[in-house]
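Required output: the full structure, derived from the provided sequences and hints.
Count the sequence shown with this note's numbering and you get residues 86 to 331, in order.
Errors might be hidden in some of the hints.
As the list claims (entries may be wrong) - Distance condition first, Cα-Cα at most 27 Å in a straight line; then the derived DSS-like pairs of lysine-lysine:
hint	residue 1	residue 2
1	Lys286	Lys274
2	Lys274	Lys293
3	Lys120	Lys161
4	Lys311	Lys180
5	Lys293	Lys311
6	Lys210	Lys180
7	Lys188	Lys116
8	Lys199	Lys210
9	Lys285	Lys274
10	Lys180	Lys274
11	Lys311	Lys280
12	Lys116	Lys199
13	Lys120	Lys210
Quick caveat, the hints were computed from the structure, so don't treat them as lab data.
Keep in mind that this is a model prediction, so the values were computed, not measured.
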Amino acid sequence: MRLINFDIISLFPEYFNGPFSCGTLKIAREKGIIKVNITNPRDFTDEGTVDDYQYGGGAGMVLKPEPLVRAIEAVKRNDSIVVNFSPAGQLLSQKIIQDLSGKCHLILICGRYKGIDERINLIYKPLEISIGDYVLAGGEAAALVLIEAITRLLPGVLGNIDSAEDDSLQAGLLAADIYTRPDNYKMFKVPSVLKSGDHKKIARWRRKESLRKTLIKRPELLGNLKFSKEDLDILLEVVNETEIRI
Numbered sequence: 086m087r088l089i090n091f092d093i094i095s096l097f098p099e100y101f102n103g104p105f106s107c108g109t110l111k112i113a114r115e116k117g118i119i120k121v122n123i124t125n126p127r128d129f130t131d132e133g134t135v136d137d138y139q140y141g142g143g144a145g146m147v148l149k150p151e152p153l154v155r156a157i158e159a160v161k162r163n164d165s166i167v168v169n170f171s172p173a174g175q176l177l178s179q180k181i182i183q184d185l186s187g188k189c190h191l192i193l194i195c196g197r198y199k200g201i202d203e204r205i206n207l208i209y210k211p212l213e214i215s216i217g218d219y220v221l222a223g224g225e226a227a228a229l230v231l232i233e234a235i236t237r238l239l240p241g242v243l244g245n246i247d248s249a250e251d252d253s254l255q256a257g258l259l260a261a262d263i264y265t266r267p268d269n270y271k272m273f274k275v276p277s278v279l280k281s282g283d284h285k286k287i288a289r290w291r292r293k294e295s296l297r298k299t300l301i302k303r304p305e306l307l308g309n310l311k312f313s314k315e316d317l318d319i320l321l322e323v324v325n326e327t328e329i330r331i
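If you want it as C-alpha cells, here you go:
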C-alpha cells in the first residue's frame, strides 16, 4: 500500500483537529494510507514573530520569509512537491487532483494575513493553486480541500473505488442524476430505466444524462474532452431534445 505524506505549514495547527478525526480522512490515517504532519513557522523564530509590515506601505501584515523557509526545510525531501495556495494559481481541478494523487510527499503552505513574502515563491517555485475567486482568512481551508480530494482517490479509503470513479468531474463531465428509495416521492418518480435491470440501457442512460447535464449546466467542460462516435451520437440526441423542450 502506497503512503502519501502531507506536511502542512500553518500558524494554526489546531484548525485541523476536527477534520482529521472523522470521515475518510480519519479512515485513511488509521489505515496508514496518508500521514499528516503540521509544522508551525512560529516554532522557528526566536521571539515568536512571524509577520511584519509590507515594504511600500499598505494595510495588512505579511508572513516573513525566514520562519517559512526554516519550516519548509525542516520537512522537505528530494521528492517533495511544494504547494502554495494563491489567487494567482491554477484553479483547482480534478485533473490536478489526479496528478497529485500519484505523488509521495506534498508540502502545503497555508498563508495568513495579507499573504507570504514573494521570495518564498522565488526560492521554491511551488505549484500555485487557487480553490476559487474569493478571499479566505488563510490557506488552511484550501489545504483541507486538496487533502480530502486526493485522499478519496487512494485505494483502500472508500468502500468501493467505483464510487470515486463515477463522481462528477472525475471523467471531465458532470455525473448523471442519482436516486435511491422510495421510487415515488412527492409525485416524483425514479426513471424507469434505473429499475429495469438492463445494465446496458442503464449505462447508456447515465452517459446521456451526464452529457445532458454538462451541456446545460457546465457547457465549458465539453470543450476539454475527446468524444467517441457513440458519445457524439448521444450528444446530438441531447441537443435535439433540448432544442425541442426550449
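Where does the structure disagree with the numbered hints, that is, which hint numbers, in rising order?
-> 10, 11 and 12
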